[in-house]
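A.B. asks: Heads up: the sequence lines are chains S and V, in that order.
For what it's worth, the numbering used here labels the leading residue of the first sequence as -2, then goes sequentially.
For what it's worth, the numbering used here labels the leading residue of the second sequence as 2, then goes sequentially.
Because the hints were derived from the structure by calculation, they are not lab data.
Predicted model only: the values in this text are computed from it and were never measured.
Note that beta-carbon positions come from the ideal geometry of N, C-alpha and C, so glycine has one too.
Treat the hints with caution; some may be incorrect.
As the list claims (entries may be wrong) - Negatives, chain S to chain V, calculated, CB over 10 Å: (1) HIS211; (2) ALA379; (3) GLY430; (4) ALA451.
As the list claims (entries may be wrong) - Covered by chain V, according to a simulated footprint, are these stretches of chain S (three or more residues, beta-carbon under 8 Å): (5) 35 to 48; (6) 187 to 200; (7) 452 to 466.
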Amino acid sequence: MYVTITATGRHAGDLTFLLHKHPDRVHVRDLSVGRAHAFTTELQQDRCTVALLLEVDPVGLVRGATRESFTLGQYVNDRPYAVSSLLVVAVRRMFSTALARTCAARPELVDEPLNLAVHLPALPSTGGETLVRDLFEPLGWTVDATALPLDPAIPAWGRSRYLDATLTATLTVADALAHLVVLLPVLDDAKHYWVDEAEIAKLQHAGGDWLATHPQRDLIAHRYLAHRRDYVDTLLERLGDVAGTAERTTPDTARVPRSASPSTQEPPTRETLAHRRRGAVLAALRDLGAATIVDMGCGPGALLGWLVRNPANTRVVGADVSAGALAKAERGLNLDRMPDTQRAKLALLQSSLTYRDDRLAGFDAMVLMEVVEHLDADRLPALERNVFAHARPRHVLVTTPNREYNVLYPRLTAGGLRHTDHRFEWTRAEFSGWAEPLAAAHGYTVRFAGIGDADDTHGTPTQMAVFTRKDKETA
Amino acid sequence: MILGIPELSLVVLVGATGAGKSTFAREHFGPFEVISSDHCRGLVSDDENSQDATRAAFEVLNFIAGKRLAAGKLTVVDATNVQRHARQELVELARAHDVLPVAIVLDLPESVSLARDRGRADRSLGAAVVHRQKDQLRRSLRGLAREGFRAVHVLRTEEEVRGVRIERQRLLTDARHEHGPLDVIGDVHGCLGELAALLAKLGYVVGTDDDGRPVDASHPEGRRAVFLGDLVDRGPDSPGVLRLAMGMTANGHAYAVPGNHEHRLVRALDGKKPNLDHGLAETLEQLGREPAEFRRAVRGWCYGLVSHLVFDDGRLVVAHAGLKEDYHGRSSGRVRSFALYGDTTGEIDEDGLPVRYPWAQEYRGAAMVLYGHTPVAEARWLNNTMCLDTGAAFGGSLTALRYPERELVSVPAERVWSEPIRPLGGAARPEDELRLDDVVGRRVVDSPLHGRVSVREENAAGALEVMSRFALAPKWLGYLPPTMAPVGTSPLDGFLEHPAEAFGAYAAAGVGHVICEEKHMGSRAVVLLCRDASVARRRFNASGGETGVVYTRTGRAFFDSPLTESLLGRMRSAVAAAGLWDELGTDWILLDGEMLPWSLKTGDLLRDTYASTGAAARGALSAAAAGLAQASGRGLDVAALQSRVASRSSNADAFTAAYRNYVWPTDGLDGVQFAPFQVLATEGASWYTSSHAWHLDVADRLVAADPATFRTTARLVVDPSSPESVASGIDWWLDLTGAGGEGMVVKPLENHVVLQPGSGRAGPVQPGVKVRGREYLRIIYGPDYTEPDNLRRLKERSLNHKRSLALREHALGLESLDRLVAGEPLWRVHEAVFGVLALESEPVDPRL
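Work out the full structure, taking the sequences as your base and the hints as a guide.
C.D. replies: Below is the structure:
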């Protein structure tokens, strides 16, 4: 990992004093992550460059890695080369006096702006050159950056996420370093250490008077504080006192996934639609008089809380194939703090629609809310048998997207589905073409309803089928 | 006095306080067998005398007794039990677990009890209590036998008590000592000709009486026959069949269990008047021509038959109508009724026959269950059970299963002796039903050949999501590839892995020859290829016209369906051109191999991790090198630093070169190649005991047939005990990896090897170890792993968990193949396959 700071112009030579690094020596600091070296590569009347080289110990990094810092969990990673929080540690240690705005030898120079150029030969940016500009330009920097190719021998792969960047500005050395220690990890968006509360003060200190008014303040806060919402709120509160404004919104760009981002976005009315879907399902259950209910594919439990709180419901089972989702549901529903009467009627079970599970038999209703489209079509026969032949609840509620409606989502490409994990989405005709013979084969009746704003041609965004068993047997 | 107690029973001690029950129990039964109410009082209240705790204490007592009985353990209840309702509860408990309740009453004179009670300083209950209990006991005694106890033993004096010896009696159903081999014969129904033919075909020699009537049959190798009941009715000669079967059992050449037809026959012979339908009238008429003495013998023999039999240490259970697991080795009215009639729902179907509850579909027991009762067109395995009634009297066939060989032997019926009421076969069952308890929870997958493999609950839970949501439907997954351990860490300088360790380890294990196979840098892939769509439909329950699947090591489809079919089409032509369909006698084939290029499936990983690391390294290291050159020019001493940066730079180049070897562009199927290295299974055959030379020969023939689709695997056979041979193996590996190869896999040439006890080290040998190339390992351990200080630390890796995992997954893999080719039901195959996926979620160093 390598970075250089160059000063040009009248006071260029003062750089070595300001950084507290004798130009004729190689300065070495041993850090937990490796060994840092600082040395002067050029020293002329009007031009001086100090380099910082960090030799990362890759094996030590992996061995010391905790579960939280997943990026370091692999021996093959860019940490030994790319600018990251590791480098920031080195900068803080190697240039601590400069950051502290002290210079014993030449105290008068501390507040003197220099013409500075910072060269970062492998700067990762999860927002490309634009993000570098957005972060640095408001602070007076000029950005000159070129993307490195992913592999020069394989041109088809295109550009990497690394920039060869040179940042120039006329600033005091201390300000320049403060900008770097805050913004470099923000660009990288991955810290090698566990972020605790002390980071809030660190950021506030390094951000000094400029962070509060920085246009990307919220993004900086989110990423620097490892997306810990409570820390971000604390910081923004404190900054609010300083800046007099504290707008509480999370910028959409705050978390750009490193890769494999969903190819499509949920439609813009997502919140509303999810809300209405839940409302429609709850209303349907109420109308059916269902008191014992299985929410199959309950996920983190969006519906369960509502079901449990309704005193008319006597038994509620949240079932999901994902143990992780159930753990989330357990936390999200605060099971350990739930009143006994509610807790007693709720059970969370790991189950799967493709396996027969006799624990799910004998309920008034089973809800499959936005579930079927997450199964491959050739697994549907297993689902049908397990739900309609074995579990045989009195009612089955199935909601699923109405594919016809997709044309009204501008961000969906033609023929695209609403979620990368959807294996299929049905038109209304396809849905009823599945549901009606299914109901007939298992002795159920079925009726259909739409959920969400109806379009004259394309129907509603979500469609629901309510199956009701014809016979009166209870088991 | 000898008291006979069934080996599995609930022994209820009855007697007043001070009658000596606890002493009696201690003398005659094991410490865990006896559950004392006083002890249970202590457990729940810290006070053995607390009458307040009675209710809770008896709940605990019942609970423990219930658990023991469920586990098939004799249990003794040490409580006064002088009140009828207390005893009734225990009788019901015994019935609930289908064990026999036995009462032992200590009816000693009141003076004895009183004396003992007074002797208990701390816990004397007093004369009034003792007297009341004694009184209750006296009133109980008369009706005790009618309360449901199988036997009531009453001891009235201290002398009697002292003279008692308890003799545990084997249950009548217990034939666990009989290990076979056995020939289990389905419903004969009076078809004497067919029975004689079947016995002859099985190798029995039939003996006749003076009138030439068969009266015995014995097997020269000492095999024994087992009759599954319904020997009589419908066929032409029920007395003849009975004569033969009775002779065989009398001479120790056969066992028999009763069928519902024998049950009816006994009632008829006893003068009761059952319906004379289903052939009973003819049987009675045939018997009427026999002497009365024979009829009496028949009546006695049929009456004495025991509901079911448990053989071979519990591994085999036979019962006429089958038996669910809870009832194996149990005795009760409902067990007998189940064994005779099956689990009927009480309903009558449209043919006027009772609706039978499909117990076998839900059977999950470890014991094999063989039964008859319901005629089927073809005997088939279902959850380790098989119905052997193939309708001999209805013009079907008479069938036997050889145990333990599991071979079916049958002879066709000579004619239709009786018109079937409905077509043979019965109701269809869902072919692909899987139940959650087939796969989740802590599981032990039993493999007769490869041992028992445990799967932890949390790992099964982890696999459930992958299997349910991302893998192909289970019907397609007959096998998932196991993980493979790397070779032992090399002590040689500069090498983390080296072939010398592999050869050394196999030589030490006594493996004669090993085969080194080039390791292709692709993605592990399993190909299931059917000869055509109808085969896929019939054998794998395909529903969408597919002719097979191509899947990854976690069971995900490699390609979308059109591409898959197109690849399968090419492979099908090659298999046909190589003549393998006929040669292997199959119309489907399951192949294990490697799909290339690596970039096909791992494009994201390659770009986001490997290429990105290379790009960052080039950028940072070149700038650092330039800066250091300048600093050096200024006279700074940076020589050591410069040399390290130069070394890192060349490591990064080597790293980049390493991954580039495994990247080439593909378009559709163009550029895609499959390198098969093992024929996993074909119809009726798994091939893991065939030499790897044979497997690679099959692969070569596929390559010859279509070199664009199939890729050959370079190989070399090495004798690990010969230094020259080992040296050639090492050179071969150095050449292979020097040219950019990933490395090689070293396997015992003869394939699956289990060392026999006595041959040095018993137990399974690693089915293969991988020896990865020095350069290739840069993409596993990082570009700079070869730096001495890094390599020293990396050599501290521990391989034990990985090795154990590899062996366990291998065992499960073979088990799934065994089950697949034996045509076992889907859940049985899936159980083993799921186990592999579950084990894969055990946390282990992913770099191994």
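A.B. asks: Would you say S:GLY430 is clear of chain V, with no C-beta pair closer than or equal to 10 Å?
C.D. replies: Its Cβ never comes within 10 Å of chain V, the nearest being 16 Å, so this holds.
A.B. asks: Using a Cβ cutoff of 8 Å, are there at least 3 residues of the stretch 187 to 200 of chain S near chain V, or does the coverage claim fail?
C.D. replies: Check failed, 0 qualifying residues.
A.B. asks: Do three or more residues of the stretch 35 to 48 of chain S come closer than 8 Å to chain V, measuring C-beta to C-beta?
C.D. replies: holds (count 7)
A.B. asks: Beyond 10 Å from every Cβ of chain V: is that where the Cβ of S:ALA379 lies?
C.D. replies: 7 Å, violated
A.B. asks: Take a quick look at S:HIS211 and tell me if its Cβ sits farther than 10 Å from every Cβ on chain V, holds or violated.
C.D. replies: 27 Å, holds
A.B. asks: So is the stretch 452 to 466 of chain S in contact with chain V by the C-beta rule, three or more residues under 8 Å, or is the coverage claim wrong?
C.D. replies: Check failed, 0 qualifying residues.
A.B. asks: Looking at S:ALA451 again, its CB stays over 10 Å from all of chain V?
C.D. replies: 31 Å, holds
Consistency note: the structure conflicts with the earlier hints numbered 2, 6, 7.
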